[in-house]
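So the protein sequences, as listed, match chains A and B. According to our numbering, the first sequence is numbered sequentially starting from 11. According to our numbering, the second sequence is numbered sequentially starting from 22.
Derived by calculation from the structure, the hints in this document are not laboratory data. Just to be clear, a hint being listed does not mean it is correct.
[As the list claims (entries may be wrong)] Derived BS3-like pairs (lysine-lysine); straight-line CA-CA distance at most 27 Å:
no. : chain 1 : residue 1 : chain 2 : residue 2
1   : B       : K280      : A       : K275
2   : A       : K160      : B       : K249
3   : B       : K68       : B       : K78
4   : A       : K201      : B       : K111
5   : A       : K54       : A       : K28
6   : B       : K111      : B       : K249
7   : B       : K281      : A       : K297
8   : B       : K78       : A       : K14
9   : A       : K297      : B       : K280
10  : B       : K111      : B       : K94
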Amino acid sequence: MSNKALIYIELDNNKAAKVSKEIISHALHNFRGFNVDGIVLGDKESINAALDDLRELNVQNLFIVQNELLNTKNTSLYAQILADFIFDNRPEILLIGATEDGRDIAPRLASKLNIGLTADCTDLQIDDAANLIATRPTYGGKLMASIASKTTPNFATVRSGAFKYSASLCKCTPNITYITPDITEFIDNPKIISIDYKQVSEDWTCSDVIVAGGLGLTTKENFDLIYKLAELLKAKPAASRAAVEQGWAPQDIQVGQTGNSVSPKLYIAFGISGAMQHTAGITNSDKIIAVNTDKDAPIMHSADFAIECDAVDVINSLIQKLSN
Amino acid sequence: MTFNIVVCIKQVPDTADIKWTEHNTMQREGLDSIINPYDNGAIHIAKAIKKFITDVKIIAVSMGPLQAKDSLKEAIALGCDEAYLLSDKKFSGSDTLATANTLSKFIEAKVPDFDLIICGQQAIDGDTAQTPSSLAQKLNIPQATNITEIVDANDIYIELIKETSIYKQRLQLSYPALIACKVNSTNFLPSIADYIKSQKSEIEILDAEAINISSEQTGLKGSPTQVKNAYRPIIERSNEVLENLSANECADFILDKIKKCKV
Ligand SMILES: Cc1cc2nc3c(=O)[nH]c(=O)nc-3n(C[C@H](O)[C@H](O)[C@H](O)COP(=O)(O)OP(=O)(O)OC[C@H]3O[C@@H](n4cnc5c(N)ncnc54)[C@H](O)[C@@H]3O)c2cc1C
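All chains, full assembly: derive it from the sequences and hints.
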């Protein structure tokens, strides 16, 4: 009998969330000797809307838990249903995306099952004894720690952008099993009074080119040039935490350990020193260009192309060329 | 009847003040410790409940080394009524599960008649928002995380706004319960009266025995997850260095690279 890895597939605006797809891709490619299964929870309407997308996922078994009460995203109910399922299904590995809801559900589930949880991982491997080795940044990103758990299932949450999603070549459709959850004992607390879904925000983290600015740009006016450049290049703007803390950029475009992980074809860092917490978010970029006046800044040792030059001058020159 | 609120607090290094050595390691000397800004926000939320409910008592708790006493004094200055420090060698090395175990044992031992637990959504020193939900489950109480606002509170329930990047919810939570708040602030200043009170206050220090926790449930022993290996992140990039170019030449170089990746 082969081992089972179960991935909780979060629904995001009636689609499988990007992070869930990334985890599945990674598991399919790397978890030798494991069946990769998925479980999704939702009300009938959202499940039906997501079904085509879910069929594409290439998991072996897809478990669909459908109940009308799941439409309000009551995370306690999600945790309870998942705990019941895991108790019966007994997977060896359990993975959840480290989204806001994922970070709410996962610790509750771990605590309920009395198992360990490694949070916010950036890599997952299987060791010779078929145990999960989950890697996460620690000490503010200065070190990577590989963590194993003594309890089963081995349980981890995974950062969005940690893995790349690649559509699998095999067009095998999953075996779908519908499950009616037993929620007779469920107490409706918290009681959800209303829920409003936000506009689907475009996912910018895997666009072709990302231009990012840091404290080296020295003023808000200079940072605004990042936006202008991004627009001209049809690229996306991004910022270091220091730039966000200055109020030059909103938190949504922060890159790094406490921001977004990005995976563009080209990441250009203007005036960013390259602290580990920042570079933790850019390792999946195909190519990295750093523009910095200090050739010994850490990022200058880790970029593909380290350009020793004044960032503002280079940006101005780029804008000028592109405007013509 | 008194409405008892427990606020969980973590002492963290003041990251706004972090200096890096040339080897990109954290310069620890001279680094101030502060209350995790989200926990500061949690105290603020606890105080906001006083607007809705008359007889409120706010109890702060922190698990950590003895120096975390300073943060608890500050918590009192910010308006908490009592504070406890859970400090014992046996607690060190606790992972999420062990931390939740320890905090739940404290609550059972010292504040069994609590109504509401308030945590900050996350700690800024790199922790990942695991403790609140884990603690709620250990105490077998409901939870609501990612809270941005209190709408109303009475002796039966509290009405809250929860906000994630995907949705915004309005919910009612009946007590006893736990909430994790996303209010991030270091700006709330103590009142003079609270500051004077804090100077006179005693922080009670509790060890494993005082909260009835066995060494199997806390610290390294009580932690199912274990670090197997730690290493510096490895960089595998070509690292071509371009020096002494004009801004114009640099711009041409960059445009060329952009063209290559767009086709
Ligand atoms: C727990 C924790 C989590 C964190 N999470 C993140 C995170 O998610 N993302 C993040 O980015 N940071 C994060 N940080 C902060 C991180 O440690 C750094 O402080 C931050 O990334 C520095 O931002 P910066 O590179 O813009 O600024 P600095 O480090 O100040 O670097 C500015 C750079 O600009 C260069 N420069 C100056 N003038 C010029 C010029 N004219 N032209 C070109 N270059 C110039 C300088 O040489 C320097 O290298 C975190 C820290 C902690 C403790």
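Here's how the hints hold up against the structure:
{"no.": "1", "hint": "K280/B to K275/A", "result": "11 Å, holds"}
{"no.": "2", "hint": "K160/A to K249/B", "result": "12 Å, holds"}
{"no.": "3", "hint": "K68/B to K78/B", "result": "9 Å, holds"}
{"no.": "4", "hint": "K201/A to K111/B", "result": "39 Å, violated"}
{"no.": "5", "hint": "K54/A to K28/A", "result": "21 Å, holds"}
{"no.": "6", "hint": "K111/B to K249/B", "result": "21 Å, holds"}
{"no.": "7", "hint": "K281/B to K297/A", "result": "11 Å, holds"}
{"no.": "8", "hint": "K78/B to K14/A", "result": "48 Å, violated"}
{"no.": "9", "hint": "K297/A to K280/B", "result": "13 Å, holds"}
{"no.": "10", "hint": "K111/B to K94/B", "result": "24 Å, holds"}
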